[in-house]
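Start from the sequences, fold in the hints, and give me the full structure.
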Amino acid sequence: MSSATFRIWRGNAEGGAFEDYTTEVSEGMVVLDAVHQIQAEKANDLAVRWNCKAGKCGSCSAEVNGNPKLMCMTRLNSLPLDEPVTIEPMQTFPLIRDLVTDVSWNHEVKQRIKKFRPRDPDAPDGSWRVDQYDVERVQEFRKCIECFLCQDVCHVLRDHRLHDKFIGPRYLVYTAALEMHALDTDDRLDDLANEHGVGYCNITKCCTKVCPEEITITDNAIIPLKERVVDRMYDPLTKMLRMFR
Amino acid sequence: MTYESFEYDVLVIGAGGAGLRAAIEASAAGVSVGLVCKSLLGKAHTVMAEGGMAAALANVDDRDNWKVHFADTMRGGQYLNNWRMAELHAQEAPARARELEAWGAVFDRTKDGRILQRNFGGHKYPRLAHVGDRTGLEMIRTLQDHGIHQGIDVHMECTVIELLKDGDRVVGAFGYDREKGRFRVFAARAVVLASGGIGRAFKVTSNSWEYTGDGHALAYRAGAELMDMEFVQFHPTGMVWPPSVRGILVTEGVRGEGGVLRNSEGKRFMFEDIPDLYKSSTADDEEEGWRYTQGDKEARRPPELLTRDHVARCIVRELREGRGSPHGGVFLDIAWIKARLPNGAEHIKKKLPSMYHQFKQLAGIDITQEPMEVGPTTHYVMGGIRVDADTQMSTVPGLFAAGECAAGLHGANRLGGNSLSDLLVFGQRAGQYAAAFAKEQTGASVNPDEVEAVARHALVPFERAGSDAEGPYQVQFDLQDMMQAQVGIVRSQAEIKKALDAFGQLYERAGKVGVQGNREYNAGWHTALDLRNLLMVAEAVAKSAILRKESRGAHFREDFLEKDPEQAKVNTVTRLGSGGEMEVVQAPLAPMRKDLQQIIEDNK
Ligand SMILES: Cc1cc2nc3c(=O)[nH]c(=O)nc-3n(C[C@H](O)[C@H](O)[C@H](O)COP(=O)(O)OP(=O)(O)OC[C@H]3O[C@@H](n4cnc5c(N)ncnc54)[C@H](O)[C@@H]3O)c2cc1C
Ligand code: SF4
Ligand code: SF4
Ligand code: FES
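Residue numbers (the working numbering), protein chains in the order written: chain R, 480 to 724; chain W, 27 to 630.
No lab work stands behind these hints, which were simulated from the structure alone.
Any given hint could be a false lead.
Taking lysine-lysine and the DSS-like style, the derived pairs with C-alpha atoms no more than 27 Å apart in a straight line are [unchecked claim]: (1) W:Lys-206 x W:Lys-538; (2) W:Lys-229 x W:Lys-386; (3) W:Lys-93 x W:Lys-137; (4) W:Lys-595 x W:Lys-575; (5) W:Lys-376 x R:Lys-684; (6) W:Lys-305 x W:Lys-575; (7) R:Lys-684 x W:Lys-375; (8) R:Lys-521 x W:Lys-538; (9) W:Lys-376 x R:Lys-688; (10) R:Lys-644 x R:Lys-684; (11) W:Lys-386 x W:Lys-293; (12) W:Lys-575 x W:Lys-229; (13) R:Lys-688 x R:Lys-589; (14) W:Lys-150 x W:Lys-630; (15) W:Lys-589 x W:Lys-150; (16) W:Lys-206 x R:Lys-521; (17) R:Lys-521 x W:Lys-229; (18) W:Lys-293 x W:Lys-364; (19) W:Lys-137 x W:Lys-375; (20) W:Lys-386 x W:Lys-364; (21) W:Lys-206 x R:Lys-589; (22) W:Lys-93 x W:Lys-150; (23) W:Lys-620 x W:Lys-150; (24) R:Lys-644 x R:Lys-594; (25) W:Lys-386 x R:Lys-684; (26) W:Lys-595 x W:Lys-150; (27) W:Lys-375 x R:Lys-688; (28) W:Lys-386 x R:Lys-688; (29) W:Lys-575 x W:Lys-589.
Partial list, derived from the structure: chain W residues whose beta carbon lies under 8 Å from chain R [said to hold, decoys possible]: (30) Gly-68; (31) Glu-127; (32) Gly-130; (33) Arg-140; (34) Glu-205; (35) Ser-234; (36) Glu-236; (37) Pro-269; (38) Ser-270; (39) Val-541; (40) Tyr-547.
The structure displayed is predicted, hence computed values, not measured ones.
We put the beta carbon where it would ideally sit given N, CA and C, even for glycine.
Next comes the structure, spelled out in structure tokens:
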């Protein structure tokens with residue numbers, strides 16, 4: 480057994496500081512294990528979110544040595560342990576306490592996106608016939624575990640704080656899943672162009688790089704959405720038809 | 027003290043599959059609905075379910091229908107199930123699955139474009155609708171995304187610590203918000219518990235911190251009966267290495283796709299012990315087993331797909347007899363299918379993507395190349411709140427329960443995939459009947475003295491801050507160690523007795539824990555408050571286990587190895603005695619309807 484030092488942010492919206500905790504580490508441990516061990520041994524009131532410990536629920540998002548990560552999927556042997564490991568909360572959202580942030584903005588954004596509206600069923604028992612090929616495209620987006628790491632890293636939200644103008648990569652993925660859903664009949668392109676601010680994304684791909692589910696956020700979701708919006712807005716015929724609707 | 031107050035027709039406690047489905051149904055019935063959960067929305071246990079949801083859609087094998095599903099469920103539960111629940115479940119699951127699709131779920135498809143179904147232990151035909159190995163995520167997200175547009179009032183990160191009563195009736199609940207530690211009082215005409223399981227009572231578990239048996243304990247303290255608490259499912263395949271991930275689930279889907287279990291001698295030990303009840307439906311040799319996993323309708327299932335209780339015990343036998351893997355498990359090998367399938371490695375990644383990732387990232391193992399090491403892990407509780415089959419109302423008026431926290435459907439052992447369908451079928455029913463019940467009530471009056479007393483009690487651990495009082499974690503760890511060792515997979519009178527003797531001291535320690543800091547998002551305080559629920563459910567498990575002097579389903583007694591026909595006629599009921607003590611008694615099962623008996627005969 481050896482030990483390592485973890486520099487963990489302690490504090491709330493009013494302020495706080497990093498505190499160093501040294502604890503034993505063993506083979507196979509992940510960052511979340513170390514945090515739990517510190518919580519049980521030294522800091523009972525340390526605030527941290529988690530549920531599954533297996534990268535399935537998207538609760539344990541934080542910044543580890545400055546990188547947005549799921550703590551439960553970040554093994555200690557992937558980090559240099561000869562210096563303190565820094566663990567801090569996501570920066571894009573307001574802090575509640577220690578490693579826990581207020582992510583309620585995300586839930587509000589989702590509420591504003593038009594919900595799924597299927598076409599009439601194909602069969603009398605209320606079911607549909609869909610090709611596996613058609614579901615796969617959307618299934619990639621539906622892998623999202625709502626960890627909000629992509630929201631955390633996107634500069635439009637993180638640096639420019641345009642939370643009221645831009646829904647962020649997570650919700651562009653969500654919109655893409657609806658727009659490309661084989662059964663959906665609604666139309667979200669106007670919203671995307673206007674209230675949802677798809678234009679603010681300048682395709683830096685930072686979101687794709689941090690996604691723990693390896694969703695190709697930019698190439699597969701955002702760019703196709705941008706193309707659809709552009710086609711709609713600049714195609715004079717569509718524009719004219721729409722004026723009469 | 028000050029409280030935030032809310033009033034609803036129906037209050038749903040828990041936002042997993044069962045709670046969300048109940049809330050959606052109740053609000054569709056036109057009543058006001060509040061929904062409370064300990065975590066953020068969409069993070070409940072349901073999100074972790076992997077393998078799939080059982081429903082006799084007959085999309086893959088047209089011989090399937092509700093009757094076969096019913097018979098499979100009863101056989102799996104060793105006939106202790108509430109047969110009416112098993113009947114309703116089998117009949118209604120297909121409609122609930124299709125409804126999910128209408129709300130946007132994207133299941134894997136058959137060649138002709140219908141919902142694809144896969145094989146699972148104990149199910150005669152391919153029956154599990156699924157999305158790769160992340161079916162639970164698909165389900166909870168679909169319900170969540172549908173539910174947020176239904177006008178349901180959601181209280182996330184809010185923990186209920188007591189139910190409130192007016193006479194015999196439940197009329198609300200008391201809780202605190204995790205963020206600031208403020209108290210909330212919910213007045214409600216009907217309350218639905220959908221709080222999930224009790225896995226945290228054991229050391230090795232696939233369950234998260236949320237699973238402290240809150241709903242079971244809340245109901246018990248409110249005077250409701252619990253049933254069949256001795257039946258705790260130990261899933262045969264949890265990760266065993268590295269130590270920090272011990273217990274994390276390895277889906278049964280691995281075996282459904284052709285994965286096999288071997289001991290350190292390379293032997294497929296599951297062929298050595300096949301229970302009589304399943305002899306006629308189990309493959310004779312490896313070849314037939316393989317054909318079954320590949321969809322050959324003439325072939326019978328490999329013994330790896332026998333029920334979970336049996337597979338878990340066979341693994342324990344191998345371990346005890348010294349044929350385990352290096353880290354104390356056995357080998358689960360899916361990589362071998364490359365010898366049979368040209369695109370084997372790709373096929374594995376496609377069918378089991380999250381297992382591939384889980385092992386790659388957490389254990390540094392590539393499951394397309396080498397075998398996994400697995401061993402049993404505490405997974406699910408069949409026991410729970412005793413409910414009426416049709417309405418899901420508990421023995422206390424106004425209190426309903428659905429999902430894992432309710433008892434009845436699964437009897438002595440749950441079949442894989444029967445939980446996700448359970449959540450939808452009985453979540454829907456609980457929502458419907460809770461709404462109907464609420465409409466009949468004229469009002470709900472919460473007693474301020476009762477509220478005050480609960481609040482004071484909740485704050486007691488802070489009074490010991492700064493003293494040398496013990497923190498809550500060590501008490502929790504000691505309880506988990508004890509349950510694992512003494513009331514685990516293999517049980518005996520002497521061991522359970524030891525555990526029962528230790529409870530007094532654990533209760534005493536739990537009653538004296540102190541917490542540091544303040545009420546804001548304080549994990550120590552939360553753990554301290556959960557402790558008494560955890561202790562209560564653990565005691566119920568132990569007391570029920572000592573009473574059932576036979577081995578049946580998930581309950582295995584090494585001092586009573588056989589099934590006892592007399593014990594087949596009784597459920598175990600736990601309730602709060604008039605003197606505050608825990609009463610555990612046996613209650614006779616209701617005689618089964620003739621037509622259902624016939625279905626069981628026909629499917630033998
Ligand atoms: C890893 C894993 C894989 C599984 N795979 C499958 C599968 O493939 N197929 C299958 O059928 N089943 C599977 N299961 C079982 C199944 O997932 C669960 O039994 C099921 O999801 C339970 O759902 P639920 O709605 O009853 O409760 P949960 O989804 O657990 O939700 C419980 C809710 O109650 C809330 N709650 C609890 N206590 C309180 C309180 N005091 N106050 C307020 N809120 C509270 C929680 O916050 C949560 O929202 C699996 C389980 C695990 C752990
Ligand atoms: S690609 Fe777009 S959405 Fe993604 S991080 Fe960059 S700006 Fe944000
Ligand atoms: S898209 Fe990826 S990074 Fe973004 S919330 Fe979903 S899972 Fe997380
Ligand atoms: S705890 Fe669920 S993703 Fe980390």
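Here is how each hint holds up against the structure:
1. W:Lys-206 x W:Lys-538: holds, 23 Å
2. W:Lys-229 x W:Lys-386: Roughly 24 Å separates the two Cα atoms, so the pair holds.
3. W:Lys-93 x W:Lys-137: With a Cα-Cα distance of about 26 Å, the restraint between Lys-93 (chain W) and Lys-137 (chain W) holds, given a limit of 27 Å.
4. W:Lys-595 x W:Lys-575: holds, 13 Å
5. W:Lys-376 x R:Lys-684: Roughly 25 Å between the alpha carbons, so the hint for Lys-376 (chain W) and Lys-684 (chain R) holds.
6. W:Lys-305 x W:Lys-575: holds, 25 Å
7. R:Lys-684 x W:Lys-375: This hinted pair holds, its Cα atoms lying about 25 Å apart.
8. R:Lys-521 x W:Lys-538: holds, 19 Å
9. W:Lys-376 x R:Lys-688: holds, 22 Å
10. R:Lys-644 x R:Lys-684: holds, 19 Å
11. W:Lys-386 x W:Lys-293: holds, 25 Å
12. W:Lys-575 x W:Lys-229: At roughly 25 Å apart (the allowed maximum being 27 Å), Lys-229 (chain W) and Lys-575 (chain W) satisfy the hint.
13. R:Lys-688 x R:Lys-589: OK: Lys-688 (chain R) and Lys-589 (chain R) at ~23 Å, within 27 Å.
14. W:Lys-150 x W:Lys-630: holds, 11 Å
15. W:Lys-589 x W:Lys-150: holds, 23 Å
16. W:Lys-206 x R:Lys-521: holds, 22 Å
17. R:Lys-521 x W:Lys-229: holds, 21 Å
18. W:Lys-293 x W:Lys-364: holds, 19 Å
19. W:Lys-137 x W:Lys-375: At roughly 20 Å apart (the allowed maximum being 27 Å), Lys-375 (chain W) and Lys-137 (chain W) satisfy the hint.
20. W:Lys-386 x W:Lys-364: holds, 18 Å
21. W:Lys-206 x R:Lys-589: holds, 25 Å
22. W:Lys-93 x W:Lys-150: holds, 11 Å
23. W:Lys-620 x W:Lys-150: holds, 22 Å
24. R:Lys-644 x R:Lys-594: holds, 20 Å
25. W:Lys-386 x R:Lys-684: holds, 25 Å
26. W:Lys-595 x W:Lys-150: holds, 26 Å
27. W:Lys-375 x R:Lys-688: holds, 21 Å
28. W:Lys-386 x R:Lys-688: holds, 18 Å
29. W:Lys-575 x W:Lys-589: holds, 9 Å
30. Gly-68: holds, 6 Å
31. Glu-127: holds, 7 Å
32. Gly-130: holds, 4 Å
33. Arg-140: holds, 7 Å
34. Glu-205: Hint holds; Glu-205 (chain W) Cβ to chain R Cβ min 5 Å, cut 8 Å.
35. Ser-234: It holds, given that the least Cβ distance between Ser-234 (chain W) and chain R is near 4 Å, below 8 Å.
36. Glu-236: Since the shortest Cβ distance to chain R is 7 Å, the answer is holds.
37. Pro-269: Holds, because the Cβ-Cβ distance from Pro-269 (chain W) to chain R comes to roughly 6 Å (cut-off 8 Å).
38. Ser-270: Holds, about 4 Å.
39. Val-541: Val-541 (chain W) check passes; min Cβ-Cβ to chain R is 6 Å, inside 8 Å.
40. Tyr-547: With a closest approach of 4 Å, the Tyr-547 (chain W) hint holds.
In this structure, none of the earlier numbered hints is contradicted; all agree with it.
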